[in-house]
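Take 1 as the starting number for the sequence shown in this note's numbering and just add one per residue.
Keep in mind that the hints are not guaranteed to be accurate.
Pairwise CB distance ranges (calculated) [claimed, not checked]: (1) Asp-58 <-> Glu-123: 20 to 26 Å; (2) Arg-120 <-> Gly-90: 14 to 20 Å; (3) Gln-17 <-> His-145: 22 to 28 Å.
The set of hints was computed from the structure by calculation and includes no laboratory data.
We treat Cβ as the ideally placed atom computed from N, Cα and C, and that holds for glycine.
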Amino acid sequence: MQKIEIQVVPFDSPVAQRLIAAALADLGVRYGGSGDETPVDASEFAAPVGTFLVAHLDGQPVGCGGWRSHGEAGETAELKRMYTAPEARGRGVARTLLAAIEGSAREHGRKQIILECGDRQPEAIAMYTVAGYDRIPNFGYYADHPGCLSFGRPL
1 MQKIEIQVVP FDSPVAQRLI AAALADLGVR YGGSGDETPV DASEFAAPVG TFLVAHLDGQ
61 PVGCGGWRSH GEAGETAELK RMYTAPEARG RGVARTLLAA IEGSAREHGR KQIILECGDR
121 QPEAIAMYTV AGYDRIPNFG YYADHPGCLS FGRPL
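Between the sequences and the hints, there should be enough to build the whole structure, so can you do that?
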């Protein structure tokens with residue numbers, strides 16, 4: 001049986017950076033360019049304003065994602081850098097990781113979580129929809145970009 005473990009790590013840790021680089025490479029193939037130009041800073045993913053997590057499958061790091069605060073009220077978390085390595089897809093890693101990210105945001109007082117992704121990520125869109133995310137008005141760096149899809153759900 002495969003064991004999925006989730007670990008909080010610094011956004012700028014080597015393991016997180018390797019997974020983020022893989023995520024951006026995947027997005028680059030789908031959309032061109034660097035994959036995602038959204039400005040991020042490692043400090044945005046440190047408690048209490050955010051958290052970054054790495055998923056391990058049978059001891060190997062295979063996924064990542066985190067949340068950072070969004071807006072002035074301190075009630076919204078923005079999901080960023082969600083990724084599962086191709087060899088680990090279809091094994092529940094992303095769902096487990098998403099639940100851990102949502103739990104962390106909830107524990108830090110966030111009442112809702114939002115995200116933006118592109119229309120060339122059908123697997124992600126399907127997972128978010130099954131997890132209870134609904135389309136919301138576009139926001140963020142790509143708000144006016146064709147193909148941007150934003151989602152959210154209460155925590």
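Inset, instruction - Sort out which numbered hints this structure fails and list those numbers smallest first. - result: none
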